[in-house]
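K.L.:
The residues making up each chain are set out below.
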Amino acid sequence: MALLKIENLSMRYHTLEGETPALNNLNFEVNSGEFVSIVGPSGCGKSTLLSLIAGLIHPSEGKILLNNKEIQNPCNECSKIGYMLQKDHLFEWRTIYKNITLGLEIQGKLSSENIQRVDYMIKKYGLENFKNYYPQQLSGGMRQRVALIRTLAVNPEILLLDEPFSALDYQTRLAVSDEIYKIIKDEGKTAVMVTHDISEAIAIADRVIILTKRPAEIKDILNINLSIENRTPLKSREAPEFRHYFNAIWKELDVHVE
Amino acid sequence: MLNNNLSKEHQIFLKRVKRRKNLIVLTQIIILLVFFIQWELTARYKLVDPFLVSQPSRMFKFLVKLYGEGMLFRHIFVTCYETIVGFLLGTVIGTLISIILWWSDFICKVLDPYLVVLNALPKIALGPILIFWIGNGQPAIIMMALMISLIVTIISVLSGFKEVDDDKIKLIKTLGGNKFQILKYVVLPASIPTMISALKINVGLSWVGVIVGEFLVAKEGLGFLIVFGGQVAQLDMVMVSILILSIAAYLMYEAVTALERRYIKYRS
Numbered sequence: 001m002a003l004l005k006i007e008n009l010s011m012r013y014h015t016l017e018g019e020t021p022a023l024n025n026l027n028f029e030v031n032s033g034e035f036v037s038i039v040g041p042s043g044c045g046k047s048t049l050l051s052l053i054a055g056l057i058h059p060s061e062g063k064i065l066l067n068n069k070e071i072q073n074p075c076n077e078c079s080k081i082g083y084m085l086q087k088d089h090l091f092e093w094r095t096i097y098k099n100i101t102l103g104l105e106i107q108g109k110l111s112s113e114n115i116q117r118v119d120y121m122i123k124k125y126g127l128e129n130f131k132n133y134y135p136q137q138l139s140g141g142m143r144q145r146v147a148l149i150r151t152l153a154v155n156p157e158i159l160l161l162d163e164p165f166s167a168l169d170y171q172t173r174l175a176v177s178d179e180i181y182k183i184i185k186d187e188g189k190t191a192v193m194v195t196h197d198i199s200e201a202i203a204i205a206d207r208v209i210i211l212t213k214r215p216a217e218i219k220d221i222l223n224i225n226l227s228i229e230n231r232t233p234l235k236s237r238e239a240p241e242f243r244h245y246f247n248a249i250w251k252e253l254d255v256h257v258e
Numbered sequence: 001m002l003n004n005n006l007s008k009e010h011q012i013f014l015k016r017v018k019r020r021k022n023l024i025v026l027t028q029i030i031i032l033l034v035f036f037i038q039w040e041l042t043a044r045y046k047l048v049d050p051f052l053v054s055q056p057s058r059m060f061k062f063l064v065k066l067y068g069e070g071m072l073f074r075h076i077f078v079t080c081y082e083t084i085v086g087f088l089l090g091t092v093i094g095t096l097i098s099i100i101l102w103w104s105d106f107i108c109k110v111l112d113p114y115l116v117v118l119n120a121l122p123k124i125a126l127g128p129i130l131i132f133w134i135g136n137g138q139p140a141i142i143m144m145a146l147m148i149s150l151i152v153t154i155i156s157v158l159s160g161f162k163e164v165d166d167d168k169i170k171l172i173k174t175l176g177g178n179k180f181q182i183l184k185y186v187v188l189p190a191s192i193p194t195m196i197s198a199l200k201i202n203v204g205l206s207w208v209g210v211i212v213g214e215f216l217v218a219k220e221g222l223g224f225l226i227v228f229g230g231q232v233a234q235l236d237m238v239m240v241s242i243l244i245l246s247i248a249a250y251l252m253y254e255a256v257t258a259l260e261r262r263y264i265k266y267r268s
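Sequences listed follow chains A and B, in order. The first sequence begins at 1 in UniProt numbering and counts up by one. The second sequence begins at 1 in UniProt numbering and counts up by one.
If we strip away everything but chain B, and leave its shape as in the complex, we get (with noise of 0.2 Å):
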């Protein structure tokens, strides 16, 4: 509610809330500064190894090499794309599961098993057999990122089905309604902040699945560089990408959440 007509009191009051915000990102920015320019002070007067810790000064050059090589954008493009076909894939094919799944009681009942066995087996014991499947390149890298989310979106989307308030099935059922449109009126739209909270995981692990995949059979993408920096000792490289990674996670979670917030307008 905007009032023009503020009280005094209710002004100092803003004012205490809007510095103590203003506070908090200032005591965020100094902490990254203070990280970055003491890295750079003691790797520069050899407190610490500059080639086992790289430094922030060696790295941007790194970066600006890498960018005059036109090849930057080129590695974190493809990492990216995997990450995003991975985890939108590993949401639709695992919310259409869990519609499955939830149709059919039977089938839900049958699998349950082998869900919860798929579910502990750490899929990325699976890279070797997926090399072997789908060959050295692109699809395998993403068929890991979607191995790692499949499972979790399957079971946490399906528990989010089967949360949906009964009441409300028998009330579409109580105006004639069939089980496709329980599922269509009620039990999808209703799921709707499940399956984005299945989103916000699957981000974080299609990253995850991404990262591993280029780890076994890349020729490109931060993960490439990554694990190539470590093989030719080159630090700077694995530091640059490992930043990039972190910045380009960070904006992806926050694109999710954006998503959330659009989506979810009418809960507020």
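Just chain A, same shape as in the assembly (with noise of 0.2 Å):
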């Protein structure tokens, strides 16, 4: 079932010097409790992408429903869309707990209920001794975590992931993908990442979608199957059809450095 559809989405930017076009009539669908990332150039309008589709601007031309509802901007549905941005971006003058509970606040959720939810996460996640802590004293891989617990509080249908591992080095990087796409698929949540690093996309991912050059269209939409048991991020890298689907992918971004 597809919890999410794009239809002929287009998006174009408007400066006194003139008009860009970012996106160009894209479609595509995703799946209930599917992952899927996005691929393209650097620049070609990802991060545009996922700021139309959390109701964060209005399209120029299309639409974008979840559950068959419009999204709207100013978003109507914002409590069903979990958006996790490049960097963690915990409040320094929040405790981690605080920071968790940032988006109930804000919502005007903080039911008991929520709460405990909330609290449980916690525990299962191993931050239950630093839910007093201040942002400052984690390493970057735990803010990470945390700021996903963050956008988990709220409990939403999708996530929103725009270059989530970025900011991290590399070694961090891989194993907070891992533990990242290990919470994911343990709350049964359906996710959207866009990022420019192939590897990723396909290590993490049931489908890639490949953009185009600015403005973006859609290139290509790749099923990754890959022969191994107990997918994670870490383990797909060790298929022996990993290196065809970046090759395949690497062809279809079609690099030049000019």
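One thing to keep in mind: the hints can contain errors.
[What the hints assert, rightly or not] Residues on chain A that point at chain B, a partial pick, calculated with CB under 8 Å:
1) Cys-75
2) Tyr-83
3) Phe-91
4) Leu-102
[To be verified] Okay, the calculated bits of chain B under chain A, using three or more residues with CB under 8 Å as the criterion:
5) 162-171
6) 176-187
Source of the hints: derived by calculation from the structure; they are not laboratory data. All figures in this text were calculated on a predicted structure; none of them were measured in a lab. The C-beta atom is built at its ideal place from N, Cα and C for all residues, glycine as well.
Dock the two chains into a complex; use the hints.
P.N.:
See the structure below:
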């Protein structure tokens, strides 16, 4: 079942210098429980796409449907969409616990039921002992985990991840993407991740959507089928098919250094 | 990290750091003592004219006399009160105006040239107008302190507001927050360091405003003593007042610094 539907979506930015097309007639669907990666050359409008889905900006043309309900700007379906940014953006002046409950506080949903759910997640994902710490006392990887729990605290139906690992160093990045993947699967969430890292896109996703240069159009959509059991992003990299997918996407991206 | 089993080398290191610190404080005290002693001696042996530069012992006598008349703390209190009210008003009103300007980009753009002109204008020039409008008293002095610190506060706090990371604001938006929530959850808390540094600047500016104000209209206060002392050629009065003024200004600055340390604890 399609949870998210993108229909004929186009976006143009207007500045005094002129009109810049960012997205050109995108069409795709994301099924419930699926993990979809979107790759494309840098500056092709990937983040724009996520901002549109989140209802932060208004599309020039086309529609975005979540559960067959159109997403509008300002966002009407905010509480159903979790957005994770490149950096964790934890607030230094709030404790870890207060950071995690930020979304609930803003949406006025600090009910005992929600707090219980958050407390449960905090325990389950090993943050219990750090609840009263301040963000700068935590490592980069752990901060990213807190950021994910903060996103999940409002119990969204779909997660939008905007290069969520790009601010981390390479080793941490591998470990954290494994961790975050497990948490997302554990919680049974649907996710759309934007990245420019081809390996990461294949390793984590069920499907990879490849975009062209700006203005972005869909070049291809690849289903990722890897012959390994108990898939995790790290294990995926060992699959024999991994290399083929990498080469295929590399070719499709058609990268030239100018 | 406290460690009881310090190595010999580390003990020597700690001792050296402590000695250096003590030496700095000691030197500071010596400079102060030497300054006052040479002042006293050169004035006593008429190497300098005590009528023009006063003399520590005469200043002390005047201080005791002032205290005996029960006026010492009165003057200090009046000036400190005006300064504190001036800089609190400057900070609060300045922050409120900054919030309005942050809220409405239109108003901000419209007022921009006026702010620039007001910032460039020496506010002291408005002194005579103030006396006509508000009268010859304490409100005029406080107003002077307020005017001197207000525009600087607006400009620095507003630039602090605008420096807040756009992605942090985006985060609140993705959680469904409105503009007021962006202000409450991100912009204000993220700007506390900016506001405290504005507070620090304002303390200094408020002193300037209050002393100028007292020069113009006051009947009491340290600024009044300085001007009055000058008029009746009583340099003792002038010097004592300046001395008290420097101590009071220093203490107030330290108080704001202490406040800063308290509020920014989470940054340590």
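K.L.:
Compare the structure with each hint and give your call.
P.N.:
Hint check:
Among the interface hints, the one on A/Cys-75 holds; its C-beta lies about 6 Å from the nearest C-beta in chain B, closer than the 8 Å criterion. For A/Tyr-83, the interface hint holds, since its Cβ comes within 8 Å of a Cβ in chain B; the closest pair sits about 4 Å apart. The beta carbon of A/Phe-91 comes within 7 Å of a beta carbon in chain B, closer than 8 Å, and the hint placing it at the interface holds. At its closest, the beta carbon of A/Leu-102 sits 7 Å from a beta carbon of chain B; the interface hint therefore holds under the 8 Å criterion.
Under the rule that three or more residues need a Cβ within less than 8 Å of chain A, the assignment of the segment 162-171 of chain B holds, with 5 such residues. Taking a C-beta to C-beta cut-off of 8 Å, the segment 176-187 of chain B contributes 5 residues in contact with chain A, enough for the three needed, and the coverage statement holds.
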